[in-house]
Every structure is written in C-alpha cells, then in structure tokens.
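With our numbering, the residue at position 65 of the sequence shown is 65, and numbering never jumps.
These are computed hints drawn from the structure, not numbers from a lab. Quick caveat: nothing in here was measured; it's all calculated off a predicted structure. Heads up, the beta-carbon is just placed ideally off N, CA and C, and yes, glycines get one too. One thing to keep in mind: the hints can contain errors.
Distance condition first, Cα-Cα at most 30 angstroms in a straight line; then the derived DSBU-like pairs of lysine-lysine [claimed, not checked]:
1) K83 to K42
2) K66 to K83
3) K11 to K30
4) K23 to K54
Derived Cβ-Cβ restraints for the label pairs, each shown as a range [unchecked claim]:
5) H86 to I4: 28 to 34 angstroms
6) K83 to I13: 47 to 53 angstroms
7) C85 to Q48: 17 to 23 angstroms
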Amino acid sequence: MQSIFRTSEIKQIENQVWQITLKLTKINDKQLISLKELVHEKTQNVSQWHQLAKLMALLHEFDHAKEIYHVLLSLLPTTESSKMCHIYNELGIICDET
1 MQSIFRTSEI KQIENQVWQI TLKLTKINDK QLISLKELVH EKTQNVSQWH QLAKLMALLH
61 EFDHAKEIYH VLLSLLPTTE SSKMCHIYNE LGIICDET
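Kindly generate the complete structure, drawing on both the sequences and the hints.
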C-alpha cells in the first residue's frame, strides 16, 4: 500500500529554504476516493503507457502527454490502425485544450 499526503502548510524559513508540512490522508478520504475513481474511469482498458498519457492530460500536463503519445505512435506497427486512430484522436483533444 502506498502512502498519500496532502500539503497542509508551506512556509519559507530562510532564503531558498522552505518548510513543508504534510498530512497523511485517511483510507476513507472522500476526495481521494473520487480522484481514484475518476482516474480509473478515464484510464481503463488501455496500456499502462496510455494510462500515463491520459493521466498527464487530466492533470493538464499536456506536453508530457503529447510526448508519451508520440512514443506510443512510434512503437505501434502500421497494422494497428485502430490504435493509431485512437492516439491521434487523443492528440487532437490535447491540441484543442492548449
């Protein structure tokens, strides 16, 4: 099981030194459960790399998502036209968002 923390406070102690106070989330944290369900819903039935690209897009990390999709395209054989179409569609959605 992984631990997930929330940032509860950030304060500057001195020049270029910061103190960050973290709070451990509870297993029944409603926001965390909602986020987990959303990520699962948006990334099901695809490869782990595709899941990562979709997650990056959800987090508005569009450059990272594009980079991953371009790598996926370069690895796909040309016979996988339906997967290629899907990736190009995802890239189009990202371009529309930016």
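For each hint, the structure was consulted:
1. Using a Cα cut-off of 30 angstroms, the hinted pair K83 and K42 holds, with the two alpha carbons roughly 16 angstroms apart.
2. Among the hinted pairs, K66 with K83 is consistent with the structure: their alpha-carbon atoms are about 15 angstroms apart, no more than 30 angstroms.
3. Restraint check: the Cα-Cα separation between K11 and K30 comes to about 27 angstroms, which is no more than 30 angstroms; the hinted pair holds.
4. Pair hint K23 plus K54 holds up; C-alpha atoms about 27 angstroms apart against a cutoff of 30 angstroms.
5. For the pair H86 and I4, the beta carbons lie near 30 angstroms from each other, so the given range of 28 to 34 angstroms is met.
6. The hinted range of 47 to 53 angstroms is satisfied by K83 and I13, whose Cβ atoms lie roughly 50 angstroms apart.
7. Roughly 20 angstroms separates the CB atoms of C85 and Q48, a value that falls within the hinted 17 to 23 angstroms.
Consistency with the previously given hints is maintained throughout, with no hint failing.
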